[in-house]
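Chain order of the listed sequences is A and B.
Under our numbering, the first residue of the first sequence is numbered 1, with each subsequent residue one higher.
Under our numbering, the first residue of the second sequence is numbered 325, with each subsequent residue one higher.
You can trust all of the hints, since none of them are fake.
So the derived label-pair ranges between C-beta atoms look like this:
| no. | chain 1 | residue 1 | chain 2 | residue 2 | range |
| --- | --- | --- | --- | --- | --- |
| 1 | B | R649 | A | T51 | 49 to 57 angstroms |
| 2 | A | L308 | B | L430 | 24 to 32 angstroms |
| 3 | A | Y125 | B | A441 | 34 to 42 angstroms |
| 4 | B | G540 | A | T193 | 42 to 50 angstroms |
| 5 | B | R649 | A | R194 | 24 to 32 angstroms |
| 6 | A | G252 | B | G540 | 40 to 48 angstroms |
| 7 | B | V360 | A | E150 | 25 to 33 angstroms |
| 8 | B | P370 | A | E269 | 52 to 60 angstroms |
Not the full set, but computed from the structure, chain B residues with beta-carbon under 8 angstroms of chain A:
| no. | residue |
| --- | --- |
| 9 | A453 |
| 10 | P456 |
| 11 | F458 |
| 12 | I459 |
| 13 | N469 |
| 14 | G470 |
| 15 | F627 |
| 16 | W628 |
| 17 | L642 |
| 18 | L646 |
To be clear, the hints were calculated from the coordinates, so they are not data collected in a lab.
Small disclaimer: the values here were computed from a predicted structure and weren't measured.
Backbone N, C-alpha and C fix where the C-beta goes; we use that ideal spot for every residue, glycine too.
Each chain, letter by letter, is given below.
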Amino acid sequence: MTMAADTGARTERGASLRRLADAPGAVYLLAVLSIGLTLLTPNFFSVENLTNVALQVAVLVIVALGMTLVILTEGIDLSLGPVLGLCGVVMGMLVVSGTPLWLAIAAAVLIGAAFGAANGLLVAYVALPPFIVTLSTFGIAQSLATMLTEGNSITGLPSYVRWFNEGRLIGLPIPLWATAIAFAVTYLLLYHTRFGRYTFAIGGNRRALELSGSNARLFHVLVYVYAGVLTALASFIMTARMNAAHPTIGVGLEFDAIAAVILGGTSFEKGRGGIAGTLIGALAVGVLRNGLNLMGVSTEWQVAIVGLIIIAAVGLDSMRGRNS
Amino acid sequence: MSIGASSAVTASPAELLGLSPDRAFVAISRLTALVVLIVVLSFMSPYFLTWANLVNILRHAAPLFVMSVGLTIVVLTAGIDLSVGAVLGLCACLAASLISTGQPELGVLAALGAGLACGLVNGILVAYARIPAFIATYGMLWIANGLAYVFMSGEVIYGLPASFRVIGTGMLGPVPVPVVIMLVLLAALAVVMQRTPFGRGVYAIGGNPVAARLSGMPVERRLIGVYVLSGLMVAIASLIVIARTNAADVSLGEEQLLPAIAAVCLGGTSLFGGVGGVAGTAVGAIILAVVLNGMNLIGVKTFWQAGVLGLIILLSVLADQLVARRINRPSP
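Bound conformation, chain A alone (with noise of 0.2 angstroms):
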C-alpha cells in the first residue's frame, strides 16, 4: 500500500493525496458509517452498542485472520463457515458429555487442522482451484455437523462456558483478549517468519517460488491448517456467545470473512495486503451490520448488500491496480 507513495519523487502533497486514495475501502466505509450511524440512530454511539459491536466482531475478526493468509496465497476457503459449525458441535458435545475443556477444544482445533491440510494438501500439491477444493468440503463439512446433531443445536452447556463470553481479564470482555491474541500471534507469524515471507511470496510469484526447489508448498499447506486451527478457536467463542453449538451456526460467515479481508485492501492478486486492513475490514463489516440493524434493514436486504459492497470493492482494487 505504501509502496506507491514511496517510489518515484512525487511533491509531499501529491504524495499523501495518493496514500489517501490507496487506503483501504473499509476506512472510508467505516468513516461513513459510523458519522452517518452516530447521526441518524441515537443509539450507534453508546458504550454499550459499541461494546456489543466488538464482541459481536470478535468471531469474524479471527476467521478473516485466517482467511486473510489464505487470499494472500491467491486462493479461498469456502469452507471455513461450515467448519466453524462443525468444531462447535464436536466441542459442545464432548463438554455436554463431561470431557474435559482443554480436550474438547482441542479436538475441535485437531478437526480445524485436519480440513486445512485437506484443502491446502489439494491446492498446493494436487494443484487444484481453491474454491472448487473448499467448496467441497464445505458441503462435507456441513454434511458432517447436522449429521452429528440430526439437525438439532447442541444445548445444556456447563456453566462455565458462558465465562469465554461474559468474563473479564482487567476489564477487558474475553472475546477482545481472544481476538487481540489471534491478531498478535498472526502479526507475528505474518511479518517475522519464514511462514509469513512465504505466504507473500506464494501470492507474488508462485512459479519462481517453486522452481527455486524451495518447500513453498509444505507452507502453502500450512496457511490453510493455519486458517483451519484459527477458525476452530473462533468457533469456542461463538459457542460461548450462543451458549448453545447449532450445526449451521457458521454458514455465511466465510462470506462476511471475505468482505472483511477485500474491504481491508487485500488483494486476490499478487499477495497485496495485509491483516491489519483486514481487522478495519472486518470492523466494517460488523458496523455496517450492526447499523442495518439499528436502522431496521432485515438480513434479507443485510445479505444483499454486504455482496454488492463485495463485488464493489473488488471492482475498485482490480481498476486501482490496473491504473497503477
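Fit chain B to the given chain A structure using the hints.
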C-alpha cells in the same frame, strides 16, 4: 497445462477413437462409474431397475443438465459461475409468484429476464472489470439470494396451473417433457459449440486466452455471451423445477450449487478451461441423478447429500488431475 501431449505414450485404442489418453480415462471412468452404480443399486433396491424409476431418474437429470450446461460453457472459458444456484432460486420465486396468479407468460419472461440480467452483470464484472470469476459470481450468489429473500419475505408459493406444469411433469409419448427439453438443448448447444465461431471462441479462450486475444477475437464480448447463456439456462431450469415440484421458496436455490458443479465435474469438463463439453455434462447429470435417486431409495438421510456431492466433486477432479498429470509428464 500441455493438453494432449500424448507423444510419450504408445497408441492405445482410445487414441484410435480420437481421444487423448487423459480424455479416454475421463470417458471410461465415467461410464464405468455409471455401470457399477446401476449394478450395485439394482441389487440393493428391487425398485431401482423398474421402468417407472428409470423414467423418474431421467426426469431428475433433465433440470440438473439444463442448469449445469451453461455453467459447463463458463468453465470451458476457464471461468466459474458460483451464482447458478442462487439465480435459479431467484428466477423460480419470480416466475412462481406470477404464474400462480394467472400470468404464465409474464412469469416465464420474468425468469428469463432475471437470469439474463444476472448473467449480464456477471459477464461485465468478469470481462470488463476483470474481477476473478469466482469472486464476482460469489458476490452475485449473495445478491440474488438476498433479492429472493426480500421478494418472498418468508412465504412459500404453492399450486401452479396444470397447463404450466406440463413442462415439468408432462409426457411426450413415452418420453417426459423435461427430457425432451434436455435433448433439444443438448443438440442445439452441441452444434453451437462445434460449428459456430462462438463455440470455437469459447474453447480458444479457455485453452489459450493470450492467443485468442492476439488473434483478434472479441474476447470480452464472448465472455459476456457465455455468462448470459449460463443465466438463461439457469432460468429455463428454474421453470422446469417449479413445474415439477409445484412450489417455490427461497431455500430452492440454496441446494443447487453443489449439484450443478458436480454435474460439470462428473461430465469431465476441465476446471482449467478449454477441455470438455456439453455432452459430457449430460452424462454427468445422469450419473448424479442415479446417485441421488439411489441414496433416496436405500434411505440415506438428506443430511448426507451435501457431503456426498462434495466428495463426488473432489474425487472426480482429483482423479482427472492426477491422471492428466501422469500422462502429460515428459518421459525421462
